[in-house]
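2 protein chains.
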Amino acid sequence: MATKKTQYLNLNLLFVLIGTLFYAKPINSQNQDSVTIRKLYDYYLTQSKTYSNLEALCLKIGGRISGSQQAANAVVWAKRAMYAAGADTVFLQPCMVPHWVRGAKEECYFVTKSNQMMSLNCIALGSSVGTGEKGVKAKVIEVNNFEELEKLGEKTIKGNIVFYNVFFDQSKIRTGNAYGEAVKYRGKGASMAAKFGAIASVVRSMTSVADDEAHTGNMGYDTSISKTKIPAIAISYKGADLLHNALLSEKNIELFIQTNCQTLPDVLSYNVVGQITGKQKPNEYIITGGHLDSWDNGQGAHDDGSGVVQSIEILAAFKALGIQPKHSIRAVAFMNEENGLAGGMAYAQWAKDHKEKHIAALETDAGGYTPRGFGVDTAMGLYKQVLQWKPLFQAYFIDRIEQGGGGADISALEKQGVPCIGFEPDTQRYFDIHHTAADTFDKINKRELNLGAAAIGALLYLIDSHN
Amino acid sequence: MATKKTQYLNLNLLFVLIGTLFYAKPINSQNQDSVTIRKLYDYYLTQSKTYSNLEALCLKIGGRISGSQQAANAVVWAKRAMYAAGADTVFLQPCMVPHWVRGAKEECYFVTKSNQMMSLNCIALGSSVGTGEKGVKAKVIEVNNFEELEKLGEKTIKGNIVFYNVFFDQSKIRTGNAYGEAVKYRGKGASMAAKFGAIASVVRSMTSVADDEAHTGNMGYDTSISKTKIPAIAISYKGADLLHNALLSEKNIELFIQTNCQTLPDVLSYNVVGQITGKQKPNEYIITGGHLDSWDNGQGAHDDGSGVVQSIEILAAFKALGIQPKHSIRAVAFMNEENGLAGGMAYAQWAKDHKEKHIAALETDAGGYTPRGFGVDTAMGLYKQVLQWKPLFQAYFIDRIEQGGGGADISALEKQGVPCIGFEPDTQRYFDIHHTAADTFDKINKRELNLGAAAIGALLYLIDSHN
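Quick note, the sequences are listed as chains A and B, same order.
Be aware that the first sequence starts at 1, since it is given in this note's numbering, and climbs by one per residue.
Be aware that the second sequence starts at 1, since it is given in this note's numbering, and climbs by one per residue.
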C-alpha cells in the first residue's frame, strides 16, 4: 500500500457501552478497566523488557534442555530477571528432571541402486535410546498410519526400520489440530514398530512447512505395547519426500541411522516463581507461566522463551503502573515441560502442600505471535466472567474467548480444580520452526511478543480486580 | 509446547444456528454456504497456486515499478496467470503511468569532528528529484514535526537540509495508524522544507522496527506550498538514530547526499483484468484486486504481489469447485498504485464508460499475513449484509467485520458509489519490510497467504450468491 489510510470507527467505546448495558456492570468500573488496560498496553509497547529479556535468554543461554548446564543457568537467569522486574519475592521449587543428552553425531542416509549416497537431515527424538557408534542399517518399510503397520505385521516389519510418512493435515485452520493428529507417530511410533520387531523408527518431521528442518520432540516407550526400546528419529519434510520418492522406484532401500543419545541419571532442577504479594488476599494466587526448559537444538525462542518473558513482564508492568494487586500475582518459569512435566507437577504439589488457593492459572506456550485471545476453563465459571470483558478486549484484537483451554504445565493444577487459561496467539507459523534449530531469537517480532504480554497482563489485571 | 492438545468446542455449528435464528435466513442456505466455504478452504489450503504464482512474480520478475520493463513483464505474466487460473476472458485496461527511475548511486553520510565518516543507509523517495552526481552538502537541521519547522523558519532552514526525525507511535495497536500519522513527513516534507529554503529533505524511515533498512515510498511536490523541488530521501531507523545522537553533541553537522533519480516521460501501461462471466447477471461485477506494480528495491512480495495472487486465485478456486457465479467475478491486477493510482482511475473510468454495475469491490493490499476479517463500506448496505455472515466466518478466524474499508486502487470506484471492502490481515510485521529491499518472497508464509486468499474467496462467494 502507498499512503492511503483506511478509516475505522472507534468501536471500543461503543462496545464498552454495550458491554455495560448487557452485563450490568457499573460504567465507572468498566471505564477504570478500560483506562488501566490502555496504560498497560502503553507500558508493554513502549517500555517493557520482554524483548531484551528474551534476547538474553536465547543468545546468552540458548537451548536449555532439562538437566543441562544451560537449564541450570536459565534458573539463575530467571531468578535475577524476576527480581529485576520488581518481584516482592522469588523462590525456587525443586523437582527431579530427566537428563537426556543428544550426544555427538546424528546421521541418516541410504544408498541408491546407482550407488549415490542420499543423506537425510535427521534428529533423534527426545527420550530415545541411541543406536551407538555402529549405527543400525536395515530395509525401510514405509507406512502411512498404525493401521497399515498392523496389517503388515511381524512378517514384514521384523528386523526392519519403520518409516511413518505422516503429513500434517493442511486443511486444518488451527495448526495445533494438525499437530495433535500427527504427533502420536512421534510419541508412540517406536513402541508400535518395536511390537512387530522393528529395529528403529523414523517419522516425517511434525511441521506445517515443506522445508529441510528436522523437528525433534519427545517420544516415550510404552511398555504396555512393547518392552523393546528401539531408536527413534525424525527426518526433515524434504528428507521424507526424498525417501518416499526413492521407495516408489526401489523397494529394497536400506536405511542407515546413527544416533548417540542416552538418558543419564535424573538431575535436581527447579521451577522459578516470582511473586507480587497481594494486598487484600495474599494467600490467593493468580499465576501466569511458561516453560524455562527447551529443546537443545535451537534457542527455545518461541517454545517457550516467549512465554517465560511474557510471564515475567507482568511483574514489571504492575510495578511500573503502581498496580497493587488484591491477590498474589505469580510469574512461573516451569522446568521440564518438554520431556516430563516434572515442574508442572512440582508446582501443583507445592500448591497442595502449602494449601494455596489459586484463583486462575494461565499458560503461555504457543509462541510469541500476535495474540488472538484466550481459551478459558468452563467448569469453574471463569469462562463466563472472562466473556464479560470481551468488549474491553475488542480494540486490542484479543477478544476471541474460547471454551476450554490451559496448558501442559498447569494441567496438574487443573486436576486440582484450578480454573485454567491458555493464551492463544496466531499459530500459523509456530510449527514451521517448532523443536528445530531454527527456533531462534531472530524469529521473534518485538511488537507481536509485547502484544502477547500485554494481553496476558490485561486479562490478569481484570481477574485480580474483579475477584 | 510438547504434545498437549487443547480442546475446543466446535463453535462453528453453534454460530451457524445462532446466526440463522437472528437473521432469519433459511437454514439450508446457511448450511450450503458453510459447506461451500469449507470446500473453498480445502482447495486454498491444499491445492491452490497462490504461493507458486507469487514465487514466479517475485523471483522471475522481481521489483516492478510503474514504467519499468519489469512492470511490463508483470502485465504479460498476470495475463497468462489469469488464463491459467481459468478466466473466461482476460483483458488489459490501458493507462499512462509515471516513469520514475532511481538511477545508480545513492549515498548519505556525514563526517564527525574526529574526522570519522558516518555512512547512513538511505534511499531516494519515489517521485523525488535527484541531487545529480555532485550531490548536495549542507548543515542538517533536525525537527520533530512541521510545527517545529515553521517555528525555526527561513532564518534557520535556508540553505540547509531538514531532517524529520519522526517515529512511529508504537503504542498504536494497528501499525497502519502509526504509519498514517508519520507518513505526511515523507509525503510533503520536501515541499514544507523547501518553503523555508531548505536544499534537501531527509525522513526517518517509516517503520515499526529498529533496524537498518531504508524504506522508500512516494512523495509529492505540492506547488501550493513551494514551487521549488528539492531532493528527498529516507534514512534507516538506525541511521536516523546515528544522526540524531551525533547532533546531540555536535550542532554543525554537514550532511552529504547523493541521489540520481529522475522522472522520465510517462509510459503506456495496463491493468490486467481476468473474469469469470456471471451466469445470471453477466453485466454486474464483483471484483477483488491488488496492485501489480511495486517499488523497485525489493520484490514486492507482501506489497502487493500477495494481493495480486490472492485475487487471481479466486478464478482458479471457483473453477476447481465448479462454482458458476451469478455475477461476473473479476480479479484485477492494478497498475501504478505506488506512485500515481493511474490504474485505479483507469478502472473506474472504464467501468463508467462501459456502464458496468459493480456490486462490490475488494482490495487486498495489506500484506499476505494471517487474515483477521474485513473492513466494509457502510453507506450502501453491504456492511450489514457481511455482518450477517459473521457466524460463517467464526471457525476461520476471519470474523472481524469492521465499519469502513476499501483501498487506494478502488477509491475511484468508491467515489462512484461502489460498495468497497478492505481485506484485513494481521499487519504487525507489515511495516518492518514495507517499501524496503527486504520485501521479498522468503518473507511469505504459504499458509498465511492461502488463508488470506481463502478468506477473500469465501466472502466473494457469499456476496455473489446472496445478491
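Keep in mind that the hints were calculated from the coordinates and are not lab data.
This structure is a prediction, so every number in the text was calculated from the model and none was measured.
Be careful, since some hints might not be right.
Where chains are identical, the list cannot tell them apart; a pair therefore holds if satisfied intra-copy or between any two copies.
Only pairs whose alpha carbons sit at most 25 Å apart, straight line, appear in this in silico SDA-like list of lysine to any residue [unchecked claim]: (1) K79 - M96; (2) K139 - N245; (3) K172 - A395; (4) K158 - T223; (5) K357 - G404; (6) K443 - Y51; (7) K319 - P265; (8) K39 - N177; (9) K105 - L321; (10) K60 - K238; (11) K319 - P282; (12) K281 - M117; (13) K238 - Q47; (14) K79 - Q385; (15) K137 - K158; (16) K60 - T46; (17) K79 - I173; (18) K390 - Q170; (19) K195 - V35; (20) K355 - L152.
Now for the hints, and whether the structure bears them out:
1. K79 - M96: Within. Shortest intra-copy distance 19 Å satisfies the 25 Å Cα cut-off; inter-copy 64 Å does not.
2. K139 - N245: Result: close within a single copy only, 15 Å intra versus 65 Å inter.
3. K172 - A395: For K172 and A395, the Cα distance is within 25 Å only across copies (10 Å; inside one copy 27 Å).
4. K158 - T223: within (18 Å within a copy, 84 Å between copies)
5. K357 - G404: Cα proximity of K357 and G404: one copy only (21 Å, versus 47 Å across).
6. K443 - Y51: both (12 Å within a copy, 21 Å between copies)
7. K319 - P265: Neither: 41 Å inside a copy, 61 Å across copies.
8. K39 - N177: For K39 and N177, the Cα distance is within 25 Å only across copies (18 Å; inside one copy 35 Å).
9. K105 - L321: For K105 and L321, neither the intra-copy (51 Å) nor the inter-copy (49 Å) Cα distance is at most 25 Å.
10. K60 - K238: Classified as between; 23 Å across copies, 31 Å inside a copy.
11. K319 - P282: Within one copy only: 16 Å inside a chain, 63 Å across chains, cut-off 25 Å.
12. K281 - M117: neither (66 Å within a copy, 61 Å between copies)
13. K238 - Q47: This pair counts as between: shortest inter-copy Cα distance 19 Å, intra-copy 42 Å.
14. K79 - Q385: neither (33 Å within a copy, 54 Å between copies)
15. K137 - K158: within (13 Å within a copy, 79 Å between copies)
16. K60 - T46: within (24 Å within a copy, 40 Å between copies)
17. K79 - I173: neither (38 Å within a copy, 31 Å between copies)
18. K390 - Q170: between (30 Å within a copy, 23 Å between copies)
19. K195 - V35: neither (61 Å within a copy, 41 Å between copies)
20. K355 - L152: neither (53 Å within a copy, 67 Å between copies)
Hints 7, 9, 12, 14, 17, 19 and 20, counting from the list given before, are not met by this structure.
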